[in-house]
Amino acid sequence: MKHLRSIEELGVEGIVRILSLSEHMAQVNQRPVPKVPALIGRTVVSLFFEDSTRTRISFETAAKRLSADTMTFSVSTSSVNKGESLRDTIETVSAMGVAAFVVRHKTSGIPWQLSQWTDACIINAGDGWHQHPTQALLDTYTVMSTLGRTPSATCLAGLRIAIVGDVRHSRVARSNVQAFTALGAQVVLVAPRTLLPPGVEDWPVEISSSLDEVIGDVDVLYMLRMQRERMNEALVPHLGEYSQRFGLDERRATLLRDTALVMHPGPMNRGVEMVVDPATLPGNVITRQVANGVSVRMAVLFDVLGGSEVTTGVQT
Amino acid sequence: MTNQQTINIRGGRLMDPLTGRNGRMADIHIAAGQVRAVVDSGNDLPSADIELDATNCIVSPGLVDLHVHLREPGREESETIETGSRAAALGGFTAIVAMPNTEPAQDSRIVVEFVRAQGERAGLCEVVPAGCITLGRAGEALAPYDELRDAGVRLFTDDGNGVQDPLLMRRALEYARDLDVTLAQHCEVSRLTTGAVMHEGSCCGHLGLPGWPAIAEELMVHRDIELVRLTGGRIHFLHLSTQRSVDMVRVAKAEGLAITAEAAPHHFTLSDESLRSFDTVYKVNPPLRTARDIRALKDGLADGTIDAIATDHAPHASYLKEQPLDQAPPGMLGLETALALSLSELRMDVYDVLAALSWKPAKIAGIDDRHGRPIAVGEPANITVFNPSLEWTVDRNSGASKSKNTPYHGRVVSGKVRHTVFNGHGVVIEGVAQL
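Order-wise, the sequence lines are chains W and U. Mapping of the first sequence onto numbering that gives the first Met the number 0: position 159 corresponds to residue 158, and the numbering continues sequentially without gaps. Mapping of the second sequence onto numbering that gives the first Met the number 0: position 9 corresponds to residue 8, and the numbering continues sequentially without gaps.
These aren't lab readings, by the way, just hints derived from the structure by calculation. One thing to keep in mind: the hints can contain errors.
Here are the computed distance ranges between Cβ atoms for each label pair [stated by the list, open to error]:
#1 W:26 to U:397: 30 to 36 Å
#2 U:141 to W:232: 28 to 34 Å
#3 W:230 to U:139: 38 to 44 Å
#4 U:167 to W:266: 44 to 50 Å
#5 U:432 to W:265: 55 to 61 Å
#6 W:7 to U:432: 54 to 60 Å
#7 U:174 to W:228: 37 to 43 Å
#8 U:225 to W:236: 44 to 50 Å
Glycine is no exception: its CB is placed at the ideal position from the N, C-alpha and C atoms.
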């Protein structure tokens, strides 16, 4: 069974394949009726154990544009709150005849555990601090397409990308480091030591604790969301100090190159990591990330579920 | 249980504290729960009800496990004293120390006596209850050591919880000293391990799982060494898992402090890399560490810094392990694989492995009047017969434990228990439990 659980498992070839498919899906999305019958009759279930309206809607939009039937299983209204185990939940819903599960959970590793108990495809929509592969793919696609490059194993070569903020607790950072570096980009992580993961020395990245030193020579500035509960864990003194050291404010924005892209996975913490209004920045591609998300998730669903050229009319 | 069986064990190599590392080819006769005759191989023995063949086997004092979770009372869906005792007998153990994290905890005479009685009812090995250091293992007030000592308890621990409060630990060591009992510490500074799932290191950073840093164990090992120095008390360190812990214990023992230590087979055979599969069977507390720590534990066992191999046998029903990694309970089975893993993975003589699995832990548990004894006339007949080089494949579905959470499913190991004699009874014969 085909899954999309991590960027590592997908590999460079897989990333390039998804990026190419995403270009075609983007074309579909520009048609007057952006819908193809590629996955007609297939059922895609969003299994969200953790709230995430935007990711869920993005996946469901993608699935509907490929004509799949979509259902949502959300924990607040489900049997999980009645003491049902993870295994019982997945086995029960699988028995209804599900082609793919789109899974979000607050704990790392859930997609691997679930895939032992179901024959359906598992698409990881975020597991704990571990992986969020479709975010990394849509971010990669956004950088590539904005810079007018085409899908290849070296399509991010020569780019310097700074990822700023709470890398330690970020599945976005882990996935993006893997995807960006796999395609040839040079990545620099910018964070206080307390927000870097153990063993980061072994990652194929540079590390800096000064955004001011880094910001002037990057092609992409990727800002991570700073969660308020980190204040309670003695990781940073307070949000104000964090913002002062690692936030993108108007002064820092003037240090950016004109051509530098500014990205954020959302939702943004205005006044914390994002002090300046991003709409005023020439390189702001944050809403483009969201738009590309639908095309990329269409590509992922199509790839994993093995939709055929005949039914899509999409050249692959 | 009556002591009517008579048993002959023939053709094996005796190995006990007095035979030395090469052992001695000898046959033995058992009656009325005791060894009644030991003769050079092939010489005459009295006739017996049961003849046990020990060709190609080692005949040793029964194994002793200082660290077993039997889950009864309170968690009988995962294990009972009977099923755990059967797993122990099949693993060659004639005595197992039952950890006190039962529900209710073993902090009173009534619970301790219940556990012991259930062990006697099963009749497969001696179940030796450990007491708690603090009431309810809550870390707030001392448990009644004298009451528990009267009920036969010699080892006290809050296993699963380290005693966090240094004042309380100091008082416990001082108070225990008069009663000649041993405190056993689960070393973990809990403020450093909140929510932890696995060893804090490269692998945990990659997998995005909350880390359990080595320092959380080492700080408590260090503190307790200093408290032993201060109080003149005695401590046993449970399941040491890190290189620095082993180093500190080595130095402290050289200074003559009354310290003993154990290591669990999973800590010297598996590393944190196992968690890459996200399989909860590998979640254990303390966590699986690194290759460097594994080397240090093996070295520590080889040079005697670590006295005992103890399993930390921790059964959990499948539905409990089939939860997200942060919610699945820590622990893995150990009783049926400990001897084989020790013989297969440690670069140690069989004799030294037996020292760490039998007579040294018997002494730490305070049961060396009846376990880990020499095999000699008049001694209690607690004896294990095993083939040290027989290969077999671990199968989680064929174990005697009520749970299946062994991390070794499918692994080929060498060393298989053939017979176990407990209290003069053949409780395991030809690898089959008789009760």
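- Has the hinted range 44 to 50 Å been met by the Cβ atoms of residue 167 of chain U and residue 266 of chain W? Since the Cβ atoms of residue 167 of chain U and residue 266 of chain W sit about 46 Å apart, the hinted range of 44 to 50 Å holds.
- Task: Using the beta carbons of residue 174 of chain U and residue 228 of chain W, state whether their distance is inside 37 to 43 Å or not.
- Result: holds (41 Å)
- Does the Cβ distance between residue 26 of chain W and residue 397 of chain U fall inside 30 to 36 Å? Given range 30 to 36 Å: violated, Cβ gap about 58 Å.
- Query: Falls inside 54 to 60 Å, the C-beta gap from residue 7 of chain W to residue 432 of chain U?
  - Reply: 45 Å Cβ-Cβ, so the 54 to 60 Å window is violated.
- Task: Go ahead and decide if the range 38 to 44 Å is satisfied by the Cβ distance of residue 230 of chain W to residue 139 of chain U.
- Result: With a Cβ separation near 30 Å, residue 230 of chain W and residue 139 of chain U fall outside 38 to 44 Å, so the hint is violated.
- Message: Tell me if the beta carbons of residue 225 of chain U and residue 236 of chain W are separated by a distance inside 44 to 50 Å.
- Response: Check failed, 33 Å falls outside 44 to 50 Å.
- Between residue 141 of chain U and residue 232 of chain W, is the Cβ distance one that fits in 28 to 34 Å? holds (33 Å)
- Query: Is 55 to 61 Å a correct range for the gap between the Cβ atoms of residue 432 of chain U and residue 265 of chain W?
  - Reply: Check passed, 60 Å falls within 55 to 61 Å.
Of the numbered hints stated above, those contradicted by the structure are hints 1, 3, 6, 8, listed in ascending order.
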